[in-house]
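Enquirer: Here's the letter readout for the chains.
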Amino acid sequence: GAGVSQSPSNKVTEKGKDVELRCDPISGHTALYWYRQSLGQGLEFLIYFQGNSAPDKSGLPSDRFSAERTGGSVSTLTIQRTQQEDSAVYLCASSLVGGQVINEQYFGPGTRLTVT
Amino acid sequence: AQKITQTQPGMFVQEKEAVTLDCTYDTSDPSYGLFWYKQPSSGEMIFLIYQGSYDQQNATEGRYSLNFQKARKSANLVISASQLGDSAMYFCAMREGNSGYSTLTFGKGTMLLVSP
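Taken in sequence, the protein lines are chains H and A.
For the first sequence, position 102 matches number 102 in the working numbering, and the numbering has no gaps at all.
For the second sequence, position 107 matches number 107 in the working numbering, and the numbering has no gaps at all.
Worth flagging that the hints you see were computed from the coordinates, not collected in a lab.
As the structure is a computational prediction, the values presented were derived from the model and not from experiment.
Ideal Cβ positions, reconstructed from N, Cα and C, are used throughout, including at glycine.
Do not rely on the hints blindly, as some may be mistaken.
As the list claims (entries may be wrong) - Here are the in silico distance ranges between beta carbons for each label pair:
hint, chain 1, residue 1, chain 2, residue 2, range
1, H, Gln80, A, Ser115, 42 to 48 Å
2, A, Ser115, H, Gly16, 43 to 49 Å
3, A, Thr7, H, Asn10, 29 to 35 Å
4, H, Gln83, A, Pro9, 24 to 30 Å
5, A, Lys73, H, Gly72, 35 to 41 Å
6, A, Thr7, H, Ser7, 34 to 40 Å
7, H, Gly16, A, Val78, 47 to 53 Å
8, H, Pro61, A, Val78, 34 to 40 Å
9, A, Gly85, H, Val12, 28 to 34 Å
Make a model of the complete structure from these sequences and hints.
Expert: Below, the structure written as C-alpha cells:
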C-alpha cells in the first residue's frame with residue numbers, strides 16, 4: 001500500500017517568503033506528526049494532529065509556523081517570512097491509534113527546505 | 001536533562017560482525033515505549049523495533065534485538081551479522097504515556113558504517 005508522501009521533495013526559497021509543505025498520510029491513520037531535522041541532528045517535534053485537531057502545538061518554534069489538517073487526511077505546514085535558520089528537512093509521520101499496542105509512526109521521505 | 005541520550009556519534013563494524021548501539025533514556029512516567037529507527041542516506045526513517053516498559057522480554061526482530069535494562073534505563077540496539085546495507089544513521093526514540101498519541105522524543109543518532 002501507499003506510504004506517507006510529502007511534497008515538494010525539495011524547496012529553495014528566499015528569505016522572507018512564505019512556504020507551504022504538504023503531507024499525505026497513510027489512509028486510515030488518525031494521528032499525524034510533523035518533525036524537523038536540521039543537518040546532523042536528531043528529529044525535533046513540531047506539532048501533531050489527532051484527526052483534524054492539534055492538541056499539541058508545543059514544538060512550533062515561533063508564530064511564523066502554523067499547520068492545519070483537513071478531512072482527517074492531508075496536512076499543510078506553513079512557514080511565513082522564512083529565515084535562514086528554518087533550513088532543514090521537514091518530516092511528516094502518521095500512525096494508527098487505539099487498539100494498537102505499538103502505534104509506530106511511519107515517516108514520509110521529507111521535504112528539504114533551503115532558505116537563501 | 002536530555003530524555004534520550006545516544007553517546008556514540010559514529011560506530012564502525014566489519015561485515016558479519018555484531019554491533020551494539022547505545023541508548024539511555026530519562027522519564028518518570030511508568031508507562032513508556034522505546035523505538036529504534038534507521039535512516040539511510042536516502043533520508044527516510046524506517047521503524048526497526050519496539051520495547052514497551054512493561055514488556056518482560058527483550059524485543060527481537062530478525063537480526064535486530066533490543067537489550068532492555070530497565071533499572072539502568074538503557075535500551076541498546078544489537079544488530080547481529082552486520083550487512084553493508086546496515087550502514088545508516090540509527091535513532092533511539094521514546095514515547096511517554098500509553099495513549100498512543102504521544103509524540104516521540106529522539107536522540108541525536110549514531111552513524112553506523114559497515115565495512116567489507
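Enquirer: Take the hints in turn and mark each one as holding or not.
Expert: Hints versus structure:
Between Gln80 of chain H and Ser115 of chain A the C-beta distance comes to about 46 Å, which sits within the given range of 42 to 48 Å. For the pair Ser115 of chain A and Gly16 of chain H, the beta carbons lie near 46 Å from each other, so the given range of 43 to 49 Å is met. The hinted window of 29 to 35 Å between Thr7 of chain A and Asn10 of chain H holds, with their beta carbons roughly 33 Å apart. Between Gln83 of chain H and Pro9 of chain A the Cβ separation comes to about 28 Å, which falls inside the hinted range of 24 to 30 Å.
One distance hint, 35 to 41 Å for the beta-carbon pair Lys73 of chain A and Gly72 of chain H, holds here, with the actual separation near 36 Å. In this structure, Thr7 of chain A and Ser7 of chain H meet the distance hint of 34 to 40 Å, their C-beta atoms being roughly 36 Å apart. For Gly16 of chain H paired with Val78 of chain A, a C-beta distance near 48 Å keeps the hint of 47 to 53 Å intact. Range check, Pro61 of chain H to Val78 of chain A: Cβ separation about 36 Å, and the 34 to 40 Å hint holds.
Judged by the Cβ atoms, the range 28 to 34 Å given for Gly85 of chain A and Val12 of chain H holds: they are separated by roughly 31 Å.
The structure shown violates none of the earlier numbered hints.
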